[in-house]
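Asks: Protein chains in written order, with this note's numbering: chain P, 1 to 608; chain E, 1 to 608.
These are calculated hints, taken from the structure and not from any lab test.
Quantities reported herein were computed from a predicted structural model and do not represent experimental measurements.
Among these hints, one or two may not hold up.
No distinction is drawn between identical chains; accordingly, a pair holds when it is met within one copy or between any pair of copies.
With a straight-line cut-off of 27 Å between C-alpha atoms, the simulated DSSO-like cross-links for lysine-lysine are [as the list claims (entries may be wrong)]:
#, residue 1, residue 2
1, 520, 98
2, 98, 463
3, 608, 596
4, 520, 596
5, 411, 341
6, 463, 72
7, 98, 492
8, 306, 492
9, 341, 351
10, 428, 265
11, 306, 265
12, 463, 102
13, 123, 520
14, 520, 102
15, 319, 257
16, 385, 428
17, 358, 292
18, 492, 102
19, 319, 351
20, 411, 102
21, 428, 253
Protein chains: 2
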Amino acid sequence: MYRSHTCGELRIENANQQVTLAGWVQTVRKFGAITFIDLRDRYGITQLLFGEELNNELDQSPLGREFVLQVKGMVNERSNKNANIATGDIEIKVESFKVLNKSAVPPFTIQDDTDGGDDLRMKYRYLDLRRNAVKKNLELRYAVNRSARNYLHENNFMDIETPFLIKSTPEGARDFVVPSRMNAGQFYALPQSPQTFKQLLMVSGYDRYYQIVKCFRDEDLRADRQPEFTQIDCEMCFVEQEDILNMFEGLIKQIFKDVKNIDYKETVERMSWEEAMWQYGNDKPDIRFGMKICNLKFPSHTFSSKENISSLINGADFKVFDEAETVVAIAVPGCSEYSRKQTDELTEWVKRPQIGMKGLVFIKVNTDGTFKSSVDKFYSEEKLKAIASATNASAGDLILILAGAEERTRKAISELRLEMGKRLGLRKENEFKLLWVLDFPLFEYAEEDNRWVARHHPFTSPKPSDIQVMINNNPVIENAADYLKHPYANIKANAYDMVLNGNEIGGGSIRIYQRELQEKMFAALGMDAAEQHHKFGFLLGAFEYGAPPHGGIAFGFDRLCSILGGSESIRDFIAFPKNNSGRDVMLDAPSTIDEKQFEELQIKLNLK
Amino acid sequence: MYRSHTCGELRIENANQQVTLAGWVQTVRKFGAITFIDLRDRYGITQLLFGEELNNELDQSPLGREFVLQVKGMVNERSNKNANIATGDIEIKVESFKVLNKSAVPPFTIQDDTDGGDDLRMKYRYLDLRRNAVKKNLELRYAVNRSARNYLHENNFMDIETPFLIKSTPEGARDFVVPSRMNAGQFYALPQSPQTFKQLLMVSGYDRYYQIVKCFRDEDLRADRQPEFTQIDCEMCFVEQEDILNMFEGLIKQIFKDVKNIDYKETVERMSWEEAMWQYGNDKPDIRFGMKICNLKFPSHTFSSKENISSLINGADFKVFDEAETVVAIAVPGCSEYSRKQTDELTEWVKRPQIGMKGLVFIKVNTDGTFKSSVDKFYSEEKLKAIASATNASAGDLILILAGAEERTRKAISELRLEMGKRLGLRKENEFKLLWVLDFPLFEYAEEDNRWVARHHPFTSPKPSDIQVMINNNPVIENAADYLKHPYANIKANAYDMVLNGNEIGGGSIRIYQRELQEKMFAALGMDAAEQHHKFGFLLGAFEYGAPPHGGIAFGFDRLCSILGGSESIRDFIAFPKNNSGRDVMLDAPSTIDEKQFEELQIKLNLK
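Whole structure, please, built from the sequences with the hints as guidance.
Replies: Okay, structure coming up:
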């Protein structure tokens, strides 16, 4: 061993001990004839004192930042203690030293506030990983990993590895494929998730399965997606939705406790997908703050059970509202005194292409009881008061109203709500609020093919009460225009998403385990019997031999870590991430391969 | 939840409780008006008693093997207890039942001694996994996984995930490659191991890394290889060989304790590669038994430090020995009374193509002090006695002697030793003997290219005393015939293999961390500067910025599990293995892919 102690270990109790340390030179400070060096390793920083007697030697082999150094010396109490670091009471009076390896001057500083840009740090990722900020993220990631494994182990889950070289069954996302040399002309696929395997393990009776496992999706990468990502993947036998919700609330609460020392004692809120859309405009609401949507107007086929209050705004000759499919509002607390400049800025904000609204209507609920709006021309003070009352606005609030087509407008108000929450400091970094979103629609309508697509995935079961609806009806949509009248349009899924602070951190479902129902599902997705057999024959076969009721969930491990670490970016929590073009710029991968490899695989390029 | 208890849980203390169980029908036995059913789940088997009053209902929905059943009833003490199962004191008097799913008649019996052949069981792997024998293997695998993680965690190792989509740098084994759609014409490779990444993590200062991780090699599959396999992969900073040996003996001993309840207290034996070859004829000797090789004759360039005793056999006009490069013997204990038939059978055994010897010479060391050999014509009793003495044979032993070319003959005597050990019951299933094999040669000679290849891998450091030999000499072999005289031929690696019962379960090395030395290594392997930069520029770059001394090891997780489980086949310890053609016959993968996939990837087939 090159050391007797780590750089984070020595305390005042070790004074007068002979020690050997090894690590990296963080800083070199010369004070006259003596030199101080901060020596760094994974565990901390220890101050080294090089006395005058070592000056000759230091001159012969000068030390620079990031040199790897081994020193022998005596632990001394420091006269000038540093309370900021754990070893701050001591320093090492160096007696001899050895440069284990030199370092060129790093292309950026190895500090929390590094001067390195994103591209440079990605290229030299091995140096970026030395920074404390990045190390803390990976340590948190390991702590989450450890906590999850311990909880699942205590609850009788077994880690069972599923294969990575599987069969390509593209449905939804694109597969990465792997040409097989031994089976020329054929390809493996990398798993988008171990979904069918974990279901087979339930058929095999393994009862409780888990895996922390890499998954792969060949999609065009949005800002915060990676082609390979990690899931905490779980499945259970003989359970209903309630059992899964309880088990996995428990998992996340345990992680809060172990990793953040947070006792999450509250009951985890639950909300139907419909309520989430109605109140928050999206299916993963951030419930750390209120500012719920007031639905002033909405198309009749959506939210059919909800009260229609469009009379509040209709008939005032305000064409924007009269002609809009949807009019939605939020009451932003305490912002009634926004200046013209501020409301103009908000108007510009909603008109950005990412939001795509044509304009913004506002009503100021003044603290003196009066109202001031951008639509005073059309609405009397009385009417404004009625609208304000519908939005639950208080004196001092600023009501923001968007109008337009249902889908886009609801999305826009949701974004605006989140933006205002952020601006007002309502999305507190150290507050964690969990939420289950339930009762999703089982299907979405795919206009281009006039068929159904599975909203979650094709293995999700409908609610028990909808199983017969699904089995007894033909999934084919005879009349595209009337697809909403098809009985499948209203089928609810036995599915659930776990949402943390406005992010979906996990999702799952109770699965189909009846062959007949699974075949109906595949048929709804436009697969004929031959295609079903080719792609999923093994699963349909397994359902013939005593498949038990089962269900599960998968958590996005990268995302979960980034939220717990208070970061927007999952990339900061992955040791070797890829950029937005799917490249590893450090390795320079992907790259060309040898002619011999093409020959052996019996493929060639066919570049457009 | 579909059950109140599992099928392995109920005891006599639960008598008179109302319970709900769910599981699979293992057996149905009718006795007159009553029916007994064994209900099975992951946790055990519970006997169900269906009384006469349920006969009508049973007639309406008859139960078969592997049906999924839910029953409600009362726990009763059994009159006829079964001491073989944990629940054997009780049975459930069924009050009501529900068939949760039917099962077709399985294609083979779900029992330890199943009637299903290998191919059938692979196709229906989800049914094979139900068998207790397979379940026990996967449970053992999980126990090893858990034990390893706990030990490594307690020793400050961090699980850090490394990427799966990396760069193809074929050196040794073939890479599986993955065409990149976003970077058309370029390919990722799947990692053969996380070797370079774990080294970069050491450069980044993570100090102690581990991962239980899938690796991929596209090789023609021998009987017990898989294209995807799992490693326990570890790396440490600031260590020397001794530190690694201690740390990882500790790991394996902990696994013995946790998984097999074996206190492995003995010191783990250590042996140089040269001694292993000298005494056992291979580099992973099974030291559960002796029967060491007696080297009667060997070529002068091998084992140059060993005493030459060829005068014992030379000059007796026995051409087979006189002309042989190598003559080696073992003394098989207690077999001097082998019949002619038995020695003939052994002769046939060594003449099989897998062994490839031309014949077998034997000397019987009779218990009455006489000798009888197949070469009595050439060797006097006195000479036979001298040979016997050299082999350390005792009265009653049978000495077996092989002669031929060095490499083949040594391999053959090693195989013969193992075979005789097996026949004599010396390779005991419940005995575990660990061994470190050390001091491997760093290089092997590649005749076809007249260059060196790395015996372990190109990142292994030479012994400290050999570093200057490597740096100061040109790796080019000027004279192919004299390659043994090149200074590189004698360089020893700072590498180590852990051997368990004659199987290599892990191997590793202290790594090169100096750029100059790494470049020299790459040059020795025939890589010019451009190729070095293209393939490993990131690693050479990392060595510029303060790379610490480091080393590590990787254990073959599948193999380790199979040995602990007492099986020859790793396949039995993998949930979803592939066959010898690399196929998953259950999935029917690999398979063809869609035209759209080819188009998007911009590749096409080029079948010969």
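Asks: For each hint, tell me whether it holds in the structure or not.
Replies: To see whether the hints hold, each was checked on the structure:
| no. | hint | verdict |
| --- | --- | --- |
| 1 | 520 x 98 | between (72 Å within a copy, 24 Å between copies) |
| 2 | 98 x 463 | between (69 Å within a copy, 20 Å between copies) |
| 3 | 608 x 596 | both (23 Å within a copy, 14 Å between copies) |
| 4 | 520 x 596 | between (46 Å within a copy, 26 Å between copies) |
| 5 | 411 x 341 | within (25 Å within a copy, 87 Å between copies) |
| 6 | 463 x 72 | between (69 Å within a copy, 24 Å between copies) |
| 7 | 98 x 492 | between (69 Å within a copy, 25 Å between copies) |
| 8 | 306 x 492 | within (18 Å within a copy, 80 Å between copies) |
| 9 | 341 x 351 | within (15 Å within a copy, 96 Å between copies) |
| 10 | 428 x 265 | within (18 Å within a copy, 54 Å between copies) |
| 11 | 306 x 265 | neither (33 Å within a copy, 73 Å between copies) |
| 12 | 463 x 102 | between (64 Å within a copy, 21 Å between copies) |
| 13 | 123 x 520 | between (50 Å within a copy, 25 Å between copies) |
| 14 | 520 x 102 | between (66 Å within a copy, 18 Å between copies) |
| 15 | 319 x 257 | neither (54 Å within a copy, 79 Å between copies) |
| 16 | 385 x 428 | neither (31 Å within a copy, 89 Å between copies) |
| 17 | 358 x 292 | within (22 Å within a copy, 89 Å between copies) |
| 18 | 492 x 102 | between (63 Å within a copy, 26 Å between copies) |
| 19 | 319 x 351 | within (18 Å within a copy, 98 Å between copies) |
| 20 | 411 x 102 | neither (55 Å within a copy, 46 Å between copies) |
| 21 | 428 x 253 | within (19 Å within a copy, 48 Å between copies) |
Checked against the numbered hints given earlier, the structure breaks hints 11, 15, 16 and 20 and satisfies all the rest.
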